[in-house]
Structures are given as C-alpha cells and as structure tokens.
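There are 2 protein chains.
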Amino acid sequence: MIRIGILGYGNLGRGVECAVRQNDDMELAAVFTRRDPADVKILTEGVPVCRIEDAEQWQDRIDVMILCGGSATDLPEQTPKFAEMFNVIDSFDTHARIPEHYANVDAAAKKSGKVGIISVGWDPGMFSLNRLYANAILPDGKDYTFWGKGVSQGHSDAIRRVEGVRDAKQYTIPVESALEAVRNGENPDLTTRQKHTRECFVVLEEGADAAKVEEEIKTMPNYFSDYDTTVHFISEDELKRDHSGIPHGGFVLRSGRTGWDGENSHLIEYSLKLDSNPEFTSSVLAAYARAAYRLSQEGVSGCRTVFDIAPAYLSAKSGEELRKTML
Amino acid sequence: MIRIGILGYGNLGRGVECAVRQNDDMELAAVFTRRDPADVKILTEGVPVCRIEDAEQWQDRIDVMILCGGSATDLPEQTPKFAEMFNVIDSFDTHARIPEHYANVDAAAKKSGKVGIISVGWDPGMFSLNRLYANAILPDGKDYTFWGKGVSQGHSDAIRRVEGVRDAKQYTIPVESALEAVRNGENPDLTTRQKHTRECFVVLEEGADAAKVEEEIKTMPNYFSDYDTTVHFISEDELKRDHSGIPHGGFVLRSGRTGWDGENSHLIEYSLKLDSNPEFTSSVLAAYARAAYRLSQEGVSGCRTVFDIAPAYLSAKSGEELRKTML
Chain L
1 MIRIGILGYG
11 NLGRGVECAV
21 RQNDDMELAA
31 VFTRRDPADV
41 KILTEGVPVC
51 RIEDAEQWQD
61 RIDVMILCGG
71 SATDLPEQTP
81 KFAEMFNVID
91 SFDTHARIPE
101 HYANVDAAAK
111 KSGKVGIISV
121 GWDPGMFSLN
131 RLYANAILPD
141 GKDYTFWGKG
151 VSQGHSDAIR
161 RVEGVRDAKQ
171 YTIPVESALE
181 AVRNGENPDL
191 TTRQKHTREC
201 FVVLEEGADA
211 AKVEEEIKTM
221 PNYFSDYDTT
231 VHFISEDELK
241 RDHSGIPHGG
251 FVLRSGRTGW
261 DGENSHLIEY
271 SLKLDSNPEF
281 TSSVLAAYAR
291 AAYRLSQEGV
301 SGCRTVFDIA
311 PAYLSAKSGE
321 ELRKTML
Chain B
1 MIRIGILGYG
11 NLGRGVECAV
21 RQNDDMELAA
31 VFTRRDPADV
41 KILTEGVPVC
51 RIEDAEQWQD
61 RIDVMILCGG
71 SATDLPEQTP
81 KFAEMFNVID
91 SFDTHARIPE
101 HYANVDAAAK
111 KSGKVGIISV
121 GWDPGMFSLN
131 RLYANAILPD
141 GKDYTFWGKG
151 VSQGHSDAIR
161 RVEGVRDAKQ
171 YTIPVESALE
181 AVRNGENPDL
191 TTRQKHTREC
201 FVVLEEGADA
211 AKVEEEIKTM
221 PNYFSDYDTT
231 VHFISEDELK
241 RDHSGIPHGG
251 FVLRSGRTGW
261 DGENSHLIEY
271 SLKLDSNPEF
281 TSSVLAAYAR
291 AAYRLSQEGV
301 SGCRTVFDIA
311 PAYLSAKSGE
321 ELRKTML
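Going down the list, the protein sequences come from chains L and B. Using my numbering, read the first sequence as starting at 1 and increasing by one per residue. Using my numbering, read the second sequence as starting at 1 and increasing by one per residue.
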C-alpha cells in the first residue's frame, strides 16, 4: 500500500481524499492543515487530521505527500520545504514561474534523496503532455489550446472585487466556429477575442447600479476587455441553484503536415469535459503519486514533471498486464 | 545527427523517409530492400539503396534501424534478428501476439546491448498511451475505441478475394450516435454493429453478377456479417479518382466518475484525423527513433513499448526548453 499524506484540505485536498479511495493500492495516512485540526472534518473514517507543523513527525509513515495548496503563495514555499522530508507532488500552475519552481524543488529533493513531481493536473499536466507528444510527432504544424466551457476562479474573483457585486461566477467558453476552423485544417491565426467568450453570472448588492457594474466588468483590462463578455444579473438563490459546480475542460489540438512536400494533413485532438475541475486534478495527482513512490523505490531523486515520467509508472498494473490489455 | 536506416521501402518506408526529412536532428543513412536495389528509386538524393543482406555491414553507420515491414510475417522475424545488430523500432500491430514479440525482441536486444521499441504507431501506439493515461487517472470508468473514418487494408483485401471483384476499397466508419452517447456520459454497452458501419467501393470484373458479389461481401463472416455494410459499384476510373488515398483515424474515449460517491462525471477524449495512415505512423516511428537513440546513449538495452518511455525522450528540445514552452 502506498501511504498518502494530504497537505491542505480545500477542494483539491478533498478531491485527493476521494481519489485515494478509488485506488486499491493507496491508503490515506493523514491530512495536514493550517487550521485548527479540531475544526476540520474529513470524509475518511479513522484518519487523523494534524497540524501542518507536526508533518515532520510523519516521515516514516507517509510515502508521498500531496500538496494541495495554491500556486500564488503556498506551493512556491511548501513544495521545496516538504521535499526536504517527503516525496512530494504538487499542481503548481503558474506557467511563467515553472522553471524557477522546478529549480527550487530539484535542489531540495536532490539534497534529501526524495522525488518531487511538480505541475501535475490537466493544464499544466495532461494538456502539456499532449502538446509534447503532438509536437514530437508532427514537427511541421500548429498548436491550439482552448479552455472551457468552465468556471475560471480567477475571473470570478475579479468580478467579486467590483463595487456593488455580492457574488459572481464566470464561465470561459471556447468559440465553436474557431474550433471548427482548426478541426478543418484551416490553420487560422486567432486573436484572443476569436478563441473564447466570457459569460458572467452576477449577484448585485442591494441598490447597486447594474449598468455601471456591467460596464466595469466588460472593460476590465487583462480579464475581460479583450473578450466578448456577456453579463447576466441573477439572484443569490439562482447562483446557488444553477452555478455551484466547478466544471471545466478544454481542447488541445495540433494540425500538421507530412509527406515529401507536406501534401498530407493530420489533426491530433485531445479534450476534457470535467464535472469537477478540482476532483479531476486530484485524480491526476493520485496517479502521479504512484509514479513518485515507484521512482523513489528505484532510488531516483530530484524534481520531475509529467514530461519525465514513463506512462507505465502511473498504472497499478504490471508491464506485462499493460502490454496484454492496453497496447 | 541521428543516423536512420529504413528497412523495407513500401508506404511505411517512404513515410519514414519523409518524416526524417522533417526532423532537423536526423539524417537518412541508407534504405534496405529485399528487391533488387537497382529497381528501387527513393526520394532522398545521395542516399544508397542496399540489399537487406548487406545491412550488417552498416552497424557503425546507423544509430537506429526503422523496420517498415508487415506484422503478419516480416516483423516477427526481422525485429528480433535486427535487434542483434541495431537499435530497432517497429510498428508491430497484431495485438494478440505482442507479448510473444516483446519477449523475442527483449531477449535479442539484451544480448546485443541494443534498444528495441515495438508496436509504435497510433493503434498500437498513441491510442494505447491514451488508454493507459485515462485508466490511471479515472480508475472508475469505461473505455471506448472507435476507428475511422478510414481505409481498412485488411477488409479491402478481403473484398478483392471475392469472385467477380477486380478492385475494392473499404471504409470503416464510426457510428455518430454511438460516439455521441459516449460523449454524453451514457456509458452505453455497444455491440459491434452499433459502433461501426462498413462502406465498400467495388469495381467488378466484366460480366460479374453484382447482386451475388454484394451478397457475398455482406455475409462474409468476421469481416462484414456483424456490421451494417453498404456496397457501391463504381468504375475503375472512379476508384482511382476518388479512393486512392489512405486516410484513417479514430477516437479513444474514457468516461469515468470521481467524488466520494462517484457523483461527478468526466470525459477524456483523444482523436486523430489522418490524411495518410502510413505517413502518420511513420511520423510516430521517427519520434520514437529519437527516444531509442537517447536510451541507447544512456546505456539502456532490451525491449520497450510506448508505455515505458518518458515523453521528453521524443522531443528534440531540452528538458529546460520543454518546461518553459510546453508545460
């Protein structure tokens, strides 16, 4: 049994807890939280909730620690720190800071002799893998990534900061005609506006000026001004009833040419349709926790990403079984 | 430069030749054929065409030999044999015989200290990879593979063996409504007939009985009797004009559930739309040739499949560059 620790018990931590339950070769050892453990109720019976400060006492009882904090401030600190004590996995998703994060985790993990796998999830993660495979197969081609339909936490938060807004949910939606143009091999050059639209569901504070709020959202730089944005005003009850899920997904496509004169076209498409963004990310984290455990058993140390890990490490099945049933 | 040898110069061999041209870190060293080399004209200028018997003299001048023969009789013999002299890659696609082929290639390659990568292409190959990743991520789920729309060589050959048939092309077509049911998360149980239809374009011999030919095709066991099959009779000119391509493709889907009580659904879908089946397969072979070369440089020996190879080995880019641009 691979003994899993969860550090941080929000949506992602709860998702990992559920994923561990689905994998017969894993068991949850403990959950670590910054909150008062007495206030944190988890789903698994008989598993302790501990203070984050007590984690170091668990080094002999945990094979892989899955870090479920945020990328902005938690993970840049936590992943290198805990890589000094545990094999670790995180879902660090600030694309621009990945090289720096990689270097920090690599240094810590090499020193401790542990394995650290960073940026695991679907983007970065499964989408990245599909970009790499497709690029290696079709060197002469063009990449496209579309996100959605799904909830963007960052954009929802940005709307909530607008004066007069009580609560909000924002959906990122890929433009169907742009997707179709890519699928048809037209290799279009697409602007930001042509790729995605943004749909916002907003609950106003009492007495707020709807027109003013809508204008402020639609013209918000970086977040909305480059997109066709729709704003719907709804009641708090409607928001709760119709928009409490965290769905997401998207499409990675590569269109490329082969032949002596590039006479043949090919399209590789990978897509995800997810009811729960955090639970799917958690499921990817659990699979890579298995890889971290096995690599560590083999004596590997240092930082890895999804690019560096042979697919067979993710599966509970033996190489023989995989070749027989899935190849 | 990775020096590539091509063994067998049919559609696949020609495809590899084109793929090598697209990869800046590869060069074609020689093509080996069972035919009289004087009769084989290749596309690349200045590259020798040699007799297959002369291959052993090329051991110092070829880094990876790509075997482009057929799975029925060529590869079971050739891959182990040439693994005694070269790093080899093949596209062995007789799923049921993979374990046996693996064992033979593994023994030969371990003895010679070479790397052999077998069953590389899209199915087996990229489709297998996607089945593995999706199963590891969503342990509670259901797999679906659909093929087409594309030309099935085996089914076209079967039609050609019918008395009264001069020439034929058969297309395998996925049933759109079945695909949609899977995409909608309905987890349908699908019979052979519900998944694919078969469309045949047939050129008759002069004086042949069309009704009899059609009946014989539609009732042919294994090949057509379990499918809804359509037969079109066309002229030789029409066949040449409209059906001379070798397109193919397909879909690998996994629908799965997460959450404490499986309350959330997810769909992972991978699809290919290929103008040229052999050229795409060749492009995958070229990418894995790079992996074979690198593994060999690292001192690895023995048989591998796509499951055993970390994605980064396929790309000409460095790990640093990959993390920066594709993660």
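Keep in mind that the hints are not guaranteed to be accurate.
Straight line, CA to CA, 27 angstroms or less: simulated BS3-like cross-link-like pairs of lysine-lysine [as the list claims (entries may be wrong)]:
id: 1; chain 1: B; residue 1: Lys240; chain 2: B; residue 2: Lys41
id: 2; chain 1: L; residue 1: Lys111; chain 2: B; residue 2: Lys324
id: 3; chain 1: L; residue 1: Lys195; chain 2: B; residue 2: Lys142
id: 4; chain 1: L; residue 1: Lys142; chain 2: B; residue 2: Lys218
id: 5; chain 1: B; residue 1: Lys142; chain 2: B; residue 2: Lys110
id: 6; chain 1: B; residue 1: Lys317; chain 2: L; residue 2: Lys317
id: 7; chain 1: B; residue 1: Lys324; chain 2: L; residue 2: Lys110
id: 8; chain 1: B; residue 1: Lys41; chain 2: B; residue 2: Lys81
id: 9; chain 1: L; residue 1: Lys81; chain 2: L; residue 2: Lys111
id: 10; chain 1: L; residue 1: Lys317; chain 2: B; residue 2: Lys110
Sample of chain L residues with no beta-carbon within 10 angstroms of chain B, all distances over it, derived [unchecked claim]:
id: 11; residue: Gly15
id: 12; residue: Ala19
id: 13; residue: Gln22
id: 14; residue: Gln59
id: 15; residue: Ser71
id: 16; residue: Glu205
id: 17; residue: Ser244
id: 18; residue: Glu279
id: 19; residue: Thr305
id: 20; residue: Arg323
A few chain L residues facing chain B, derived, Cβ under 7 angstroms [said to hold, decoys possible]:
id: 21; residue: Asn23
id: 22; residue: Ala136
id: 23; residue: Val151
id: 24; residue: Leu204
id: 25; residue: Leu267
id: 26; residue: Ala287
id: 27; residue: Asp308
I should point out that these hints are in silico values taken from the structure, not numbers from a laboratory. The model shown is predicted, which means the values in this text are computed figures rather than measured ones. We treat Cβ as the ideally placed atom computed from N, Cα and C, and that holds for glycine.
Hints versus structure:
no. : hint                   : result
1   : B/Lys240 with B/Lys41  : holds (23 angstroms)
2   : L/Lys111 with B/Lys324 : holds (24 angstroms)
3   : L/Lys195 with B/Lys142 : violated (31 angstroms)
4   : L/Lys142 with B/Lys218 : violated (42 angstroms)
5   : B/Lys142 with B/Lys110 : violated (37 angstroms)
6   : B/Lys317 with L/Lys317 : violated (31 angstroms)
7   : B/Lys324 with L/Lys110 : holds (21 angstroms)
8   : B/Lys41 with B/Lys81   : holds (26 angstroms)
9   : L/Lys81 with L/Lys111  : holds (11 angstroms)
10  : L/Lys317 with B/Lys110 : holds (24 angstroms)
11  : Gly15                  : violated (7 angstroms)
12  : Ala19                  : violated (7 angstroms)
13  : Gln22                  : violated (5 angstroms)
14  : Gln59                  : holds (27 angstroms)
15  : Ser71                  : holds (13 angstroms)
16  : Glu205                 : holds (32 angstroms)
17  : Ser244                 : holds (13 angstroms)
18  : Glu279                 : violated (4 angstroms)
19  : Thr305                 : violated (6 angstroms)
20  : Arg323                 : violated (6 angstroms)
21  : Asn23                  : holds (6 angstroms)
22  : Ala136                 : holds (4 angstroms)
23  : Val151                 : violated (14 angstroms)
24  : Leu204                 : violated (30 angstroms)
25  : Leu267                 : holds (4 angstroms)
26  : Ala287                 : holds (4 angstroms)
27  : Asp308                 : holds (5 angstroms)
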